[in-house]
Amino acid sequence: MNAEQQDVIRSITSGKSLTIFLEGDIDHHSARRIRSRIDTKVFIQRPDELILDLSRVCFMDSSGLGLILGRYAKAVELGIAFKVANPNRDVRRILDLAGTERLIKIESAYPPGTRQEVLCRKP
Amino acid sequence: MPKAVTVNRMRCTFPSCSSNEALARSVAASFSAQMNPTCEEVSDIKCAVSEAVTNAIVHGYRDSIGEITLLLKLEDDRTFTAEVRDKGCGIADVEEAMRPLFTTDPEHERSGMGFTIIENFMDSLRVVSSPGKGTRVVMKKKLSMLPIMK
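Heads up: the sequence lines are chains A and B, in that order. Residue numbers for the first sequence follow the working numbering, beginning at 1 and rising by one. Residue numbers for the second sequence follow the working numbering, beginning at 1001 and rising by one.
Bound conformation, chain B alone (with noise of 0.2 angstroms):
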């Protein structure tokens, strides 16, 4: 299998501020759609993005502002790229937080459900962890190839 070549990259930084949540979705669906997507798979990166923002800005970050960094990634084979960067409080024990319904915030109607969005909407998800000096959500999803046209 010959190796996989980056067609685009990007990345981008902005404050830990829940407005921006938003924003982080947004770009990572424009960004997705130079490689014409389905409106299922937009919807996928859109969600899988916002969670993973949201936990940074939540958890990562919790009363404080920090920087939160998004990259993004598309290869040759069709394989998006999503990486959420932050410099927060880390995660103690990651198995835990990635299971089902867990959640450190449920006064405020955490529903728990974040990365099990995520791994259920992306084909991959990594979550790299050091307490106290902050988090990387990787996340990879294979876009469907486009039907050939005669």
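For reference, chain A alone in the conformation it holds in the complex (with noise of 0.2 angstroms):
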């Protein structure tokens, strides 16, 4: 199942922290409906912290920057802290290129080339 037939998204809430899990390819195709969704749930809990967890993100081109930096800016804007966590090797690489990090915090539960990690990419 892709991120684009999901109709719920997946997060967990714990305390006053929220982490949304990504799925599938973040594309400008399934960007918009992945950041509606996101918006949505972020207005409706209202978190003190928000994780995006892109360790089931297969695929991530600009547009993905895109709604990540977006996604910063609005919590910026909300009060909101903001984290992004466990993104693979590839989605990295497209972090930073564009300095993502001096902005976000990225975390890594994985360190590269550990067995989870290489679980996370793509078969």
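Treat the hints as calculated values from the structure; they're not laboratory data. Even glycine gets a Cβ: it sits at the ideal position worked out from N, Cα and C. Treat the hints with care, as some may be off.
[Stated by the list, open to error] Non-contacting residues of chain B with respect to chain A, defined by C-beta distances greater than 10 angstroms in every case (computed):
| id | residue |
| --- | --- |
| 1 | P1015 |
| 2 | R1025 |
| 3 | E1051 |
| 4 | I1057 |
| 5 | D1063 |
| 6 | R1078 |
| 7 | D1093 |
| 8 | V1127 |
| 9 | K1133 |
[Claimed, not checked] Reference excerpt, derived from the structure (chain B facing chain A, CB under 7 angstroms, subset only):
| id | residue |
| --- | --- |
| 10 | S1018 |
| 11 | S1050 |
| 12 | T1054 |
The two chains are supplied separately, each in an independent frame; assemble them into the complex guided by the hints.
Written as structure tokens, this is what we have:
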């Protein structure tokens, strides 16, 4: 099932922290839908912290970058702390190319080359 | 240096619907597979083709649907070439369009990084555009040599 067919967005709330799990490909086609789902969820929950977990994102291009930077800007506007977690190697390269880390904290539970990190990549 | 010989080439045409972004990058990735590229090379190609096709859809044709042509070529010196052509509105100032973070469409959260990503992931990028007539984006990447098996 790809992100487009998904009607609900997977997320976990722990205290005032909201983690949203993005899946599949994030390109210009899928970004609009993902964006409105994230924004609706954040608007309803009003967390203190928003984490976008990218561990199941197989592909991302500059549209995905726009989505992440856009969510960051919105979070700043609403006074919500913002983090990105577990990008795979390819997604990380896109984030690094744009110097995202100067603005956004990128956390990875899986250091490069570990089994989990390899599993997160698209086969 | 002997001139490189074309090993294989293909051409496909599709309407500028955003769902075809995934189609175009999958076609390019599958086509390159016959040269045994590394995972990283395939991922570079997918991303670069996705960017060029998205540009044609978002900027070339804006609110209309037009035709996009994707031309792919492999040469015996392991050069992969992808060309994305549209007959859309064209780019008035190509140099400005290629500048990192430049975008004509900030309200839709375009990052302005499309051409920068292509330049970084491919070995060469050429953009030919005439306003009102369309745009051609030609990108090349030399795939790494296979390790010699003994």
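Tested hints:
Separation of P1015 of chain B from chain A is adequate, the least Cβ-Cβ distance of about 13 angstroms exceeding the 10 angstroms criterion. Distance check for R1025 of chain B against chain A: the nearest CB is about 8 angstroms away, which does not clear 10 angstroms, and the non-interface claim fails. Distance check for E1051 of chain B against chain A: the nearest CB is about 6 angstroms away, which does not clear 10 angstroms, and the non-interface claim fails. Chain A draws I1057 of chain B into its interface by the beta-carbon criterion, the shortest separation being 7 angstroms against a cut-off of 10 angstroms.
With a least beta-carbon separation of about 14 angstroms from chain A, D1063 of chain B lies farther than 10 angstroms from that chain, consistent with its non-interface assignment. For R1078 of chain B, the requirement that its beta carbon stay farther than 10 angstroms from each beta carbon of chain A is met, with the minimum near 21 angstroms. Distance to chain A confirms D1093 of chain B as a non-interface residue, since its nearest Cβ pair spans about 19 angstroms, more than 10 angstroms. Non-interface call for V1127 of chain B relative to chain A: holds, since the shortest CB-CB distance, roughly 16 angstroms, exceeds 10 angstroms.
With 10 angstroms as the threshold on Cβ separation, the claim that K1133 of chain B sits away from chain A holds: the shortest Cβ distance comes to roughly 23 angstroms. With a cut of 7 angstroms, the hint placing S1018 of chain B at the interface with chain A holds, because the nearest CB-to-CB distance is about 4 angstroms. Annotation: interface hint on S1050 of chain B holds; nearest CB of chain A at approximately 5 angstroms, less than 7 angstroms. A distance limit of 7 angstroms between C-beta atoms decides the matter here; for T1054 of chain B the minimum to chain A is near 5 angstroms, and the interface restraint holds.
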